Amino acid sequence: MFLRALFFILWLLLTPAASFAESTGHLFLRVESVEQKKVLLDLPIQPGDLFYFQYIHSSAKTPIRDTFKVDAKGQIILIEETFLWHGAGLEFQEHEDVQVNYNDKWIRVLLNRLFLNLPIRVGRVSQQYLILHGQSYRLDKLDRPGKCIILSIAR
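For the sequence shown, this note's numbering gives the first residue as 1, with consecutive numbering after it.
I should point out that these hints are in silico values taken from the structure, not numbers from a laboratory. One should not assume that every hint holds.
Claimed, not checked - What follows is a list of derived Cβ distance ranges for each label pair:
(1) GLY25 x LEU110: 26 to 32 Å
(2) GLU35 x TYR102: 21 to 27 Å
(3) GLY25 x ASN117: 15 to 21 Å
(4) TYR102 x LYS141: 32 to 38 Å
(5) PRO63 x LYS141: 15 to 21 Å
(6) LEU40 x GLY134: 18 to 24 Å
What the hints assert, rightly or not - 27 Å max Cα-Cα, derived DSS-like pairs, lysine-lysine:
(7) LYS38 x LYS105
(8) LYS69 x LYS38
(9) LYS141 x LYS37
(10) LYS141 x LYS61
(11) LYS147 x LYS38
(12) LYS147 x LYS69
(13) LYS61 x LYS38
(14) LYS141 x LYS69
(15) LYS61 x LYS37
(16) LYS73 x LYS38
(17) LYS147 x LYS61
(18) LYS105 x LYS61
(19) LYS105 x LYS37
(20) LYS37 x LYS73
As the structure is a computational prediction, the values presented were derived from the model and not from experiment. For glycine and all other residues, C-beta sits at the position ideal for the given N, C-alpha and C.
Given only the sequences and the hints, what does the whole structure look like? Please build it.
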């Protein structure tokens with residue numbers, strides 16, 4: 001009888017702690033190779049953290065920096081694109097939920113676009129970098145140019 005009571009009390013005490021630990025599990029910014037089905041990077045990240053995808057536009061040859069934020073649900077939100085010139089594939093008009101700011105030479109596009117994951121083809125000439133917490137990771141050093149990788153948030 002004493003052991004039953006002891007196990008019951010332990011169960012009551014530990015169950016909420018386990019549930020809390022599961023609900024606040026650690027998040028990682030994951031870089032995964034589609035072809036190899038292999039995790040290339042798992043970088044610790046928290047809700048509210050920013051990370052950046054920086055590259056050179058393939059035809060305009062100008063720098064572009066996309067700013068992403070991890071929201072409270074652990075989702076990826078594109079909040080800003082910054083570039084020097086309107087190259088192909090870049091946002092350039094204001095419309096619902098998009099604001100374009102023209103500063104001295106930089107164009108800033110403010111957005112709020114949700115991504116469940118980000119498929120990216122590793123470029124041959126675009127010098128793509130993933131930047132998190134001041135650390136830079138060059139994509140063509142993680143996988144071969146031409147290969148597809150996926151950025152996502154993992155628990």
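Structure-based check of all given hints:
no.: 1; hint: GLY25 x LEU110: 26 to 32 Å; verdict: holds (31 Å)
no.: 2; hint: GLU35 x TYR102: 21 to 27 Å; verdict: violated (40 Å)
no.: 3; hint: GLY25 x ASN117: 15 to 21 Å; verdict: holds (18 Å)
no.: 4; hint: TYR102 x LYS141: 32 to 38 Å; verdict: holds (34 Å)
no.: 5; hint: PRO63 x LYS141: 15 to 21 Å; verdict: holds (19 Å)
no.: 6; hint: LEU40 x GLY134: 18 to 24 Å; verdict: holds (20 Å)
no.: 7; hint: LYS38 x LYS105; verdict: violated (40 Å)
no.: 8; hint: LYS69 x LYS38; verdict: holds (24 Å)
no.: 9; hint: LYS141 x LYS37; verdict: holds (17 Å)
no.: 10; hint: LYS141 x LYS61; verdict: holds (20 Å)
no.: 11; hint: LYS147 x LYS38; verdict: holds (13 Å)
no.: 12; hint: LYS147 x LYS69; verdict: holds (25 Å)
no.: 13; hint: LYS61 x LYS38; verdict: violated (31 Å)
no.: 14; hint: LYS141 x LYS69; verdict: holds (24 Å)
no.: 15; hint: LYS61 x LYS37; verdict: violated (31 Å)
no.: 16; hint: LYS73 x LYS38; verdict: holds (25 Å)
no.: 17; hint: LYS147 x LYS61; verdict: holds (21 Å)
no.: 18; hint: LYS105 x LYS61; verdict: holds (15 Å)
no.: 19; hint: LYS105 x LYS37; verdict: violated (41 Å)
no.: 20; hint: LYS37 x LYS73; verdict: holds (25 Å)
Violated hints, listed in ascending order, are 2, 7, 13, 15 and 19; each of the other numbered hints is respected by the structure.
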